[in-house]
Amino acid sequence: AQTVTQSQPEMSVQEAETVTLSCTYDTSESDYYLFWYKQPPSRQMILVIRQEAYKQQNATENRFSVNFQKAAKSFSLKISDSQLGDAAMYFCAYRSARTDKLIFGTGTRLQVFP
Amino acid sequence: DSGVTQTPKHLITATGQRVTLRCSPRSGDLSVYWYQQSLDQGLQFLIQYYNGEERAKGNILERFSAQQFPDLHSELNLSSLELGDSALYFCASSVDEGSGPKNIQYFGAGTRLSVL
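Residue numbers (the numbering used here), protein chains in the order written: chain F, 1 to 114; chain D, 115 to 230.
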């Protein structure tokens with residue numbers, strides 16, 4: 001069975017600085033997708049970024065980028081120029097190419113200090 | 115706003131009772147997913163419906179059931195409620211172009227269920 005591990009329960013960053021959130025996963029499959037979702041205090045789950053495992057190029061969405069290391073089964077999220085609005089829980093998620101269900105990690109709470 | 119609507123936002127009920135959570139997917143989305151977020155279990159997939167048919171089942175208890183109606187809205191029914199059922203229940207929807215890269219799940223704001 002696939003698992004997703006987020007080893008950092010909490011992280012903090014100063015406004016305008018850069019922070020990296022870690023995620024590792026375990027799978028025997030070669031075709032899958034990885035996601036980062038953000039959950040602010042409003043509880044809404046918001047898609048931040050996604051990565052297809054067959055793509056070597058790391059995904060980027062504005063200030064958010066990932067470092068995808070397929071061999072190491074690692075999928076970290078880098079937030080550049082952190083803003084107060086980035087404060088939230090961040091969940092890493094895995095989806096097999098064969099199914100539609102998302103498997104989530106336990107989340108990392110990010111605090112942003114002015 | 116994701117376009118996925120969940121009602122009600124909050125639900126408080128007693129043990130042994132039955133409740134129904136409702137979800138309206140984004141316009142054009144055929145798949146609906148239900149997830150449970152609790153302190154001890156984290157975010158867990160419960161069940162998926164595609165165009166009215168059950169497609170996948172996760173860790174859903176037998177006391178829980180779901181269905182998707184012809185207008186594509188979905189309901190999650192929770193019965194014989196226990197204290198441990200208190201959680202945030204999310205609905206997500208996707209256009210479901212197979213299980214490919216375009217099959218992105220968009221989440222509603224959730225229904226917080228408190229069982230007292």
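By construction, these hints were calculated from the structure, which means they are not laboratory data. Incorrect hints may appear among the rest.
Said to hold, decoys possible - To give a feel for the contact side, a few chain D residues facing chain F, derived at Cβ under 8 Å:
| # | residue |
| --- | --- |
| 1 | G117 |
| 2 | S145 |
| 3 | N165 |
| 4 | G166 |
| 5 | F204 |
To be verified - Ranges between beta-carbon positions, derived for each pair:
| # | chain 1 | residue 1 | chain 2 | residue 2 | range |
| --- | --- | --- | --- | --- | --- |
| 6 | F | S12 | D | L197 | 30 to 40 Å |
| 7 | F | R109 | D | K171 | 25 to 35 Å |
| 8 | F | R63 | D | G130 | 46 to 56 Å |
| 9 | D | N165 | F | Q14 | 44 to 54 Å |
All C-beta atoms, glycine included, are put in the ideal place defined by N, C-alpha and C.
Subject >> Restraint outcome when D:N165 is required to lie within 8 Å of chain F by C-beta distance >> reply: With a minimum Cβ separation of about 13 Å from chain F (threshold 8 Å), the hint on D:N165 is violated.
**OP:** Determine whether the Cβ-Cβ distance between F:R63 and D:G130 falls within the hinted range of 46 to 56 Å.
**Re:** For F:R63 and D:G130 the Cβ distance comes to about 48 Å; the hint holds.
Original post:
At a threshold of 8 Å, is the proposed contact between D:G166 and chain F supported by beta-carbon distances?
Top reply: violated, 16 Å
**OP:** Against chain F, run the beta carbon of D:F204 and see if the smallest gap drops under 8 Å.
**Re:** holds, 6 Å
**OP:** Double-check D:G117 for me: the hint is only fine if its C-beta lies closer than 8 Å to a C-beta in chain F.
**Re:** violated, 12 Å
Original post:
Can D:S145 be said to touch chain F, with a Cβ gap under 8 Å?
Top reply: holds, 7 Å
**OP:** Take a look at whether the Cβ-Cβ distance between F:R109 and D:K171 falls inside 25 to 35 Å.
**Re:** With a Cβ separation near 30 Å, F:R109 and D:K171 satisfy 25 to 35 Å, so the hint holds.
**OP:** Just tell me: holds or violated, for the beta carbon distance of F:S12 and D:L197 against 30 to 40 Å?
**Re:** holds, 33 Å
Original post:
Could one say that the CB atoms of D:N165 and F:Q14 fall in the range 44 to 54 Å?
Top reply: Cβ of D:N165 to Cβ of F:Q14: about 48 Å, so the range 44 to 54 Å holds.
Hint violations for this structure: numbers 1, 3, 4, all remaining hints satisfied.
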